[in-house]
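Keeping their order, the protein sequence lines are chains A and B. The first sequence begins at 1 in our numbering and counts up one residue at a time. The second sequence begins at 1001 in our numbering and counts up one residue at a time.
By construction, these hints were calculated from the structure, which means they are not laboratory data. It should be emphasised that the depicted structure is a prediction, and the values quoted were computed from it without experimental measurement. The reader is advised that the hints may include incorrect statements.
[Said to hold, decoys possible] Which residues of chain B face chain A? A few of them, derived with a C-beta cut under 8 angstroms, are:
| id | residue |
| --- | --- |
| 1 | 1285 |
| 2 | 1287 |
| 3 | 1401 |
[Claimed, not checked] Okay, derived cross-link-like pairs now, SDA-like style, lysine to any residue, Cα gap no bigger than 20 angstroms in a straight line:
| id | chain 1 | residue 1 | chain 2 | residue 2 |
| --- | --- | --- | --- | --- |
| 4 | A | 165 | B | 1340 |
| 5 | A | 13 | B | 1340 |
| 6 | A | 246 | B | 1316 |
| 7 | A | 385 | A | 361 |
| 8 | B | 1264 | B | 1398 |
| 9 | B | 1386 | A | 26 |
| 10 | A | 97 | A | 49 |
[As the list claims (entries may be wrong)] To be clear about the criterion: a stretch of chain A counts as covered by chain B if any three or more of its residues have a C-beta under 8 angstroms from a C-beta of chain B, and this derived list gives those stretches:
| id | stretch |
| --- | --- |
| 11 | 145–154 |
| 12 | 230–242 |
For each residue, glycine too, the CB sits at the ideal point set by N, CA and C.
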Amino acid sequence: MYRYDEFDAAFVKARTDQFADQVMRRLAGELSEDQFRPLRLMNGLYLQLHAYMLRIAVPYGTMSAKQLRMLAHIARTYDRGYGHFTTRQNIQFNWPKLRDIPPILADLASVEMHAIQTSGNCIRNITTDQFAGAAADEIIDPRPVAEILRQWSSLHPEFSYLPRKFKIAMTGATHDRAAIRFHDIGLQAATNATGDIGWQVWVGGGLGRTPIIGKEISPFVPHEHLLAYLESILRVYNRYGRRDNKYKARIKILVHEEGIDTIRAQVDEEFAAVKGGVLTLPQAELDRITAYFAPPEFDRINETRVDVAREKIVNPAYGRWLERNLNAHRQPGYVSVTISLKPIGGAPGDATDAQMDVVAGLAERYSHDELRVTHEQNLVLPHVKITDLAALYAVLVENGLAEGNAGQITDMIACPGLDFCALANARSIPIAQEISKRFGAPERQAEIGDLKIKISGCINACGHHHVGHIGILGVEKKGTELYQITVGGDATETASIGNILGPGFVAEAVPDAIERLVDTYLAARTTPAETFLMAYRRLGDAPFKEALYGAD
Amino acid sequence: MAQTSTIATLMAADSVREKRSLAIMALNGLYDEMDAAGVLRHAVAEVLPGDIAIVSSFGADSAVLLHLVAEVDRNLPVYFLETGKHFAETLDYVETLKRQLGLKNVRALTPDPKDVARFDPDGTLWETDPDSCCHIRKTEPLDAAVKGFGGWVTGRKRYQTKERGVLPHFELTSDDRIKINPLAYFSDQDIADYKAKHGLPEHPLYDKGYKSIGCAPCTSIVADGEDPRAGRWRGLNKKECGIHFDFNGAIAKPMVQADLTLFKAGAFIADPFRAYAEGDDLGSVRYTHIPLAVFRANRDVVLANPHPNGLLVAPGDRVEDVAADLARFSSIAVAFPGFTDGRGYSSARLLVERYGYGGELRAVGDVLADQIPLMRRCGITAFVVKHEPTRAALRAGTLATVDIFYQPVGKTEVPLGTRPYLRRATETV
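Here chain A stands alone, though its shape is the one from the complex (with noise of 0.2 angstroms):
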């Protein structure tokens, strides 16, 4: 993975300094807290219910096992003893006070982490496929030029005042678990008439009030001129993007007022302009962060199967976490393990300091000291030997990390909702863990299948609830907390966003409401390999609406 140089340090420890000097200017009362508050988001700091949350890239998900241990050690000595993974692969600390931040970050600086640009109307951190580098539909590894990206976007003076943020997702596989056409750019991995990889580029996705797929704007970039695309893109949004009114402000709704043809030509013409000059990429630079990712020294395994329908006889709970929690790797013999951090009737996302310190652990031994954060918030050991699996399993079983649902009922995504978040109008923890409860028996998620439910607690859909299979949005009416399903949402390469078949629910009766779609979708299915949205998309909103609210 990528290593700091010199210059990247030298960064970071500028940047850190910067901000520990805007931190006192601010305790001195310099700085109005109008003036430091894009500063301090800019930072990672926000300002929330209950006290400042630090948000902290990981910069594409991945993270060695010595910067898990740093979070580990800043959950216990500055939070209360946890960390909370997000949506955008980054983790969050709810409790830290303002003046510890500066050290904070002088913790995470020296092992190579910060909290740039993890808010803030500017560039986000990239975010891409938790299995790059190891999925084995994988096109290329898209991490160097995410890190490329990332280098690119750092404190880039024209676009650190956005008219709102902007977020980057990019996928190398075919298959699209980073969610890229709900990002304001997104990137997939492409193939060219004469054979040349490069990225198709989809502009405008986003969730929140206003849910908008993203286009296509280009069928194929070249890797050298990518960085003066996105350069154009990026200035065409700063100069016309809305700054009347910060719910239009995102690119989509730019893109969905002008239409993506106009945007198309504004973005040409600059193109025309800006490639070719300064930002070229060139080919020796991406070969030299390429070599960063590298793959490690894979053993030959002579095993390259694992029986899984052998454990589930011999010791079920393993079979299932084995027949979840497993992705296929390129390498033959090896597979990525996806570490849920959605136990039965816990809060989605949480680790502990103990539960960082085991998984950096795990990691070193068991997977080439690398580790991922997935966009579904659980964590990935992308690099595992199959015969290593029965022993890393144990591990995680004492520790309570052994959860076998990937891609099941109880592996949802949920916000932290009115909980912590000051934005928020509703709790979507406790409906998540109530949901969890309500299917946290293995037959009964095992029956279900691939199903994911996604809960937002207010409108700003950090939840991604439009992509659940099943959303669930919480809203306030009349002081009351109600929550609004939807159904038939997907977040992949066939992307939809769902539809609301009705009115809102009370807290207490969404459970039911869940099962009795759940119910439905069991009863009218036609195999148990046709999933809840293959049969939603077969059926429609029908059978679904009535199980939700009665025959008309």
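For this one, chain A is given, so just place chain B on it according to the hints.
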């Protein structure tokens, strides 16, 4: 005189503008209000030795200053604006004073004949456009003359008009020269007493009721109790001829550090520019930032305006629309109406990088400490700053910045040391 020599060193060292400005403030505190000779002697001997000129109208009160000059050094250059429009009595008076005071170096400044032929062929410009008349007969010749000096001495006095009410002994002008006003604190009575004490000859017209004497067509008699300068340009809303105006038409004010909002080249300096105001005559304004939309609507008029002017680029303005005319402007102001509005960064980069604008590029509006480093990288070199903590940080040079960059931005940022890959790529070339 340890203190004064420190000041002299500060000023002579040609150090940054801010030091000069501070030194000026210190100088103003050194002399008793009435110590005109002390002020002049110090200016000539310590502040600008060999680099100073005197400007005199040879008007009603000029004898006092010229007497002081003669006392200090008879060889100092004394400029007289020979506008061609003086009373014959004034020209006589020049000769009288030269003779009586022993001035060895009186030089007449005459208008450029080309200007006169072009703008005042029949000699009636004073009637139709007195500002322009002053401009070609006084401002232009004097500007040319004082360019050769680091400073000049005037006979201006605080009491003369209310516009001059705060005149100090020493001023720093916006073109970085020092103006010395030894008589700043002299009252009408002090002048009369000085004249009497030293037996100085009176201007021949003084006894006829002329209290302030300029060119014949524009000078009239002042009634008892009237402002002595009321007889100048009587009936017109005009109080000064232009030689004591600053660039933008406002009367040159004494420089007080707190009033300076333009930060450029490491110091707060006087700002020659003003903002455009509704109703400005675009054909004649000068040192004005004309909004881009106004410029586009009046392009021909502005392009025909002979004066230096600037352009104001607001968020949302398309700089490509004026790309061909950028060279017309000596300054472009990029507006940041709120510090969170980042459109100006794109405007600045386009102006500099794409359209090759090479003049002063300044940020105006909500300009704060933490945005200035970004603005600089986008090509902005001057900042109009009102936020006091930001001003303090700029003065002290303590802006918190990140000085190494990943991405190449701007024309001046060499890739070397900026983005790692370019750095390495460059090394291998």
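Give me the numbers of the hints this structure contradicts, sorted from smallest to largest.
-> Those not satisfied are hints 1, 2 and 5.
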